[in-house]
Amino acid sequence: MITFERPTPDLGTECDIVSKRSIAFVIDLVGLAVVLGIATNIAFLTWEPLGFLVLALDVVLAFAYFIYFEAKYGQTIGKMLMDIVVVSEDDGSISYKEATVRTLLRPFDTLGLVAIYVTDRKQRIGDLAADTVVVKTKEKPDPL
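Counting from 1, position 74 in the sequence shown corresponds to residue 74 in the working numbering; the numbering is continuous, with no gaps.
Taking lysine-lysine pairs in the DSBU-like style, the calculated list, with each CA pair at most 35 Å apart, reads:
id, residue 1, residue 2
1, 97, 20
2, 72, 136
3, 20, 138
4, 138, 72
5, 72, 122
6, 97, 136
Simulated restraints on C-beta separations:
id, residue 1, residue 2, range
7, 50, 104, 22 to 30 Å
8, 19, 139, 16 to 24 Å
9, 120, 45, 44 to 52 Å
Calculated directly from the structure, the hints in this document are not laboratory data. Glycine residues also receive a C-beta, built at the ideal position from the N, C-alpha and C atoms.
Produce the complete structure using the sequences and hints provided.
Written as structure tokens, this is what we have:
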């Protein structure tokens, strides 16, 4: 059984992770494309009018994926694989509201790329609006 837990953030490392953020996002998009693509193709093959409804549902599910994983664990699967975590500028863990704000602004990430390079803490527009920052996770000590 796979279990997820919120990692301990390594605060102050946000400037080191721009490439990790990009790779994590690509991992998430590929995973979503595979899962949602299969469901959409099955819907289109089963009954074509249902396929268009599933396309709309795909968008909702993709947004829900980012909101749920970032609010619950501070990380999407891509971020987990890249050892980075989303944290609040105030207290560490982010709320569903902050995760929703970040996610709703995701379509504007082209502008966000510019923001990442001009802000001191390498924040995209969604981070600035939600008062969040992405940092590395603290390395876990070897259990030996």
